[in-house]
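> Here are the chains, one letter per residue:
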Amino acid sequence: GNSVTQMEGPVTLSEEAFLTINCTYTATGYPSLFWYVQYPGEGLQLLLKATKADDKGSNKGFEATYRKETTSFHLEKGSVQVSDSAVYFCARLMDTGRRALTFGSGTRLQVQP
Amino acid sequence: KAGVTQTPRYLIKTRGQQVTLSCSPISGHRSVSWYQQTPGQGLQFLFEYFSETQRNKGNFPGRFSGRQFSNSRSEMNVSTLELGDSALYLCASSKAGTGVPYEQYFGPGTRLTVT
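Chain order of the listed sequences is Z and W. Here my numbering is used: the first residue of the first sequence is 1, the next is one more, and so on. Here my numbering is used: the first residue of the second sequence is 1001, the next is one more, and so on.
Be careful, since some hints might not be right.
Said to hold, decoys possible - Which residues of chain Z face chain W? A partial, calculated answer using Cβ under 7 Å:
| hint | residue |
| --- | --- |
| 1 | Glu-42 |
| 2 | Leu-44 |
| 3 | Leu-46 |
| 4 | Ala-100 |
| 5 | Phe-103 |
| 6 | Ser-105 |
In case anyone wonders, no lab produced these hints; they're calculated from the structure. Quick caveat, the model's predicted, so the values are computed rather than measured. Even glycine gets a Cβ: it sits at the ideal position worked out from N, Cα and C.
All chains, full assembly: derive it from the sequences and hints.
Quick look at the structure:
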């Protein structure tokens, strides 16, 4: 299969709390994995990526590690800010030969001051 | 460096009409992909163009088509619009070539409303 599964939202946290958004994927191989973020009224911004097993992607305090044993790519941040409120999408590169992305359903994060 | 631009940003059309959306990729990016985003179906891949040729295609009916010009700008067309075509249409560009890490950069989208 080609699917990506994310935890349902919304996730509501207080400022400075720890964030985890779960993401698992199905694959016959080891596709590149991505996290995108979408702020209200905007397109998607690439947040981080990992191209092979055990890679850790990181950006702006967010991290995710490519775990082939559990086929997971969970997004984490140690201390969230109100400005992190957005919808987060996990994605994988489609099967070999198809240069396109399959996305999860998105997880809305709401951070309260 | 300018990002991906899409025009128009908002569009209202009537059932049965057709519509053309435009996308200008990041300078130097030769691959352009289109996605449809709806609350019910999420983000779904429509098609990808590279060097003026459709290289990949998602599972959408033939009413959805696209093209790419020699300057890598792309257009997508939807004919005989249906209410269910109301969505945010996102364009993404990427560098293309072997050995280049695959990353897609998205535009702000065109919000299409079909009435």
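> Each hint needs a verdict: does it hold in this structure or not?
Verification of the supplied hints:
Proximity of Glu-42/Z to chain W holds as hinted, the smallest CB-CB distance being about 6 Å (cut-off 7 Å). The interface hint given for Leu-44/Z holds, since its Cβ lies 4 Å from the closest Cβ of chain W, which is under the 7 Å cut-off. With 7 Å as the threshold, the beta carbon of Leu-46/Z comes within range of chain W, its nearest partner Cβ sitting at about 6 Å, so the hint holds. About 4 Å separates the beta-carbon of Ala-100/Z from the nearest beta-carbon of chain W, less than 7 Å, and the hint is met.
Look at Phe-103/Z: its Cβ gets to within about 4 Å of chain W, closer than 7 Å, so that hint holds up. Given the 7 Å rule on beta carbons, the hint for Ser-105/Z holds: about 5 Å separates it from the nearest Cβ of chain W.
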